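Q: With the hints as extra help, turn the sequences into a complete structure.
Residue numbers (the working numbering), protein chains in the order written: chain F, 1 to 143; chain R, 1 to 138.
Note that these hints are calculated values from the structure, not bench results.
Heads up, a few of these hints could be off.
[As the list claims (entries may be wrong)] Quick list of simulated restraints, FRET-style, between CB atoms:
| hint | chain 1 | residue 1 | chain 2 | residue 2 | range |
| --- | --- | --- | --- | --- | --- |
| 1 | F | T21 | R | L73 | 38 to 44 Å |
| 2 | F | G131 | R | S47 | 39 to 45 Å |
| 3 | F | D70 | R | G20 | 57 to 63 Å |
| 4 | R | R92 | F | D53 | 24 to 30 Å |
| 5 | F | T60 | R | S112 | 55 to 61 Å |
| 6 | F | M81 | R | D99 | 34 to 40 Å |
| 7 | F | E93 | R | I9 | 54 to 60 Å |
| 8 | R | R32 | F | D41 | 48 to 54 Å |
Quick caveat: nothing in here was measured; it's all calculated off a predicted structure.
Using N, Cα and C, we set each Cβ at its ideal position, and we do this for glycine too.
Here are the chains, one letter per residue:
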Amino acid sequence: MTVQQISIFIENSAGRLAEATSALGAAGVNIRALSLAETSDFGILRLIVDRTDLAKEVLTKGGFTVDKTDVVAIQVPDRPMGLGTILNVLDVEGIAVEYLYAFIERCGDHAVIIFRFDNCFQAIAALTAQGIEILSAKEVSEM
Amino acid sequence: MIRYRTRDITRLISEPCICGRSHRRLQRMSGRSDDMLIIRGVNVFPSQIESVLMQVEGVEPHYQLIVDREENLDSLEVQVEVTEDIFSDEVRILQGLSDRIRSQIKDMLNISCKVRLVEPKTITRSEGKAQRVIDRRR
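A: This is how it looks when you write it as structure tokens:
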């Protein structure tokens, strides 16, 4: 039930982000969700794309350092306390969230948030036990 | 007799070898005297930094040392290329890596340096040998 995320090491220099995204664009890869973590020296671009393997291949060829990670796409009720409820479940179970970011599109009347956990499977088990919906990789790519 | 000044740094070992040979021996070269940098009065060999990187990363690193002078003080920046072996999607892990490199260099040489993670292939490679040191003080 995990989704594959691509992460790219980006040096803090002008135009590098444009080069990475242009390489993906030229190969016909569509970005579905993204987040950029930054420090003073470098950044890490994290992407959910429609064709993960192709994206990794194109970026590696372009000289970027690329990694694939398993993340979890969670359906979050689009109302106040929607995210809070989910985070409380994780807190009770003692599951730490490394980072999270939102999907641009909605899934029906739900928002979709990408979560990175240390232990995906423990998190998925805890959330599904509480009736929280997790999206599969197929569902995410068809959104 | 012809003597060559090779600038290799080594030591003569007068104790006999365990193989039984009694001739004096040369210790493995620790570097060359013209590779040596003097940073804030400390003798630094690029090979020492290389061994720290090797220890922290577990792989042979691509690195470059940038020596400069800031406000009359020597500064050392160690640039390390981020390969797939050491890359992570978490900032915390990458920062931990550069912190470990910095503190190990401090432990070994007692000099503070800045560690900068750079993209692969950003460090220029000349034919065969990479240019390991850029000294901007001269």
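Q: Of the numbered hints stated earlier in the document, which are not met by this structure?
A: 2, 5, 8
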